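Starting from the known structure of chain A, arrange chain B on it as the hints suggest.
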Amino acid sequence: MILVIIAWVMALLAIVAAIYAVETKDLLSSAIAMGIASLVVSIMFLVLQAPDVAITEASIGAALTMAVFVYAIGKTRRWEE
Amino acid sequence: MRRYAGIAVALLFFAFSISIFIQLIPYDSYEGSAYHYKNPINGSVANESVPSHYIKETRNETGAVNAVTAIVVEYRGFDTLGEVTVLFTAATGVSFLLYQLHKKMQRREANLITKEGSKIVLPFALLTGAYIFIHGHLTPGGGFPGGSVIASGFLLMLLAYPKFFVNEKRLSYIESISGSIFVIIGLLGLLLATSFLQNFIPVGKPGYLFSAGIIPLIYIAIGFKVGSELSSIVQKLKEVEE
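Protein chains in written order, with this note's numbering: chain A, 314 to 394; chain B, 7 to 248.
In isolation and in its complexed conformation, chain A is listed as follows:
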């Protein structure tokens, strides 16, 4: 039962973060929202009994991919037109 509640909250958070990442004009917030989405998805992997995938998703999706985007935004511009 508790797993189903966690699943609802995590899936809703992932959807909200993904839609926000697409819709916002601020690219820095968009990158951070993508990081939040992949962190939440990694918790879902953990609940689905795939801890190997969860560790990889948390470190690559939430940390390294976000860093790549943040450095790229720092070299170009922050606001979408």
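Bear in mind the hints are in silico, worked out from the structure with no lab data behind them.
Don't take every hint at face value.
Below, computed lysine-lysine pairings styled on DSSO-like, alpha-carbon distance capped at 30 Å [as the list claims (entries may be wrong)]:
id, chain 1, residue 1, chain 2, residue 2
1, B, K121, B, K169
2, B, K44, A, K388
3, B, K211, A, K388
4, A, K338, B, K242
5, B, K125, B, K175
6, B, K121, B, K242
7, B, K244, A, K388
8, B, K244, B, K169
9, A, K388, B, K242
10, A, K338, B, K244
11, B, K121, A, K388
12, B, K169, A, K388
Quick caveat, the model's predicted, so the values are computed rather than measured.
Here is chain B on its own, set in the frame of chain A:
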């Protein structure tokens, strides 16, 4: 119109993941349908599917408690070699694309919390990464997650200190030496056993640190390789032209 289509796709994904959690789609009872597992070494055919063979026999055949690691390194070791090559090619491509003759580091100062917090977190990140890839055959994880955890520790230092810098030559030495160790272990399998990347060390007792033959050795090599590659990618991205 495209916006609504995207939202519809997102809601479909939501419904799909919820249906997995409330067991409309079972995910833990798959046993496969093709019941003719063929042993690659002696060629005998057994009346079971490949997934059920992996679930039942991994522990006896490879000595690894973590079946995922046994499949990635032992049964499908050649695929892992290809995966490592893909990552190597990507890191080389990034360093070619971002090559700068006169480079300098970004000079923006980080705030106090990032600076002091990274000093505390960095040793634990390195320790966690090393733990994940050394214990790859016992606990969840392995070379790729462990290496990326180490790289995220370096990323934290790169974010906190503007002048922090890892020697690129040293990184590339670590990377090439550990990649060579992987291939050499594979060739030793060809020499001492029957095929490339086959286990030639005694399997030992499952559950102990020194067990599972070549799996810990290969995963330590992969951990060092992935960690140095991802660190060099992140460092290359930090550099700006003068």
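Hints, verified against the model:
{"no.": "1", "hint": "B:K121 with B:K169", "in the structure": "12 Å, holds"}
{"no.": "2", "hint": "B:K44 with A:K388", "in the structure": "54 Å, violated"}
{"no.": "3", "hint": "B:K211 with A:K388", "in the structure": "53 Å, violated"}
{"no.": "4", "hint": "A:K338 with B:K242", "in the structure": "27 Å, holds"}
{"no.": "5", "hint": "B:K125 with B:K175", "in the structure": "24 Å, holds"}
{"no.": "6", "hint": "B:K121 with B:K242", "in the structure": "21 Å, holds"}
{"no.": "7", "hint": "B:K244 with A:K388", "in the structure": "9 Å, holds"}
{"no.": "8", "hint": "B:K244 with B:K169", "in the structure": "11 Å, holds"}
{"no.": "9", "hint": "A:K388 with B:K242", "in the structure": "13 Å, holds"}
{"no.": "10", "hint": "A:K338 with B:K244", "in the structure": "24 Å, holds"}
{"no.": "11", "hint": "B:K121 with A:K388", "in the structure": "22 Å, holds"}
{"no.": "12", "hint": "B:K169 with A:K388", "in the structure": "18 Å, holds"}
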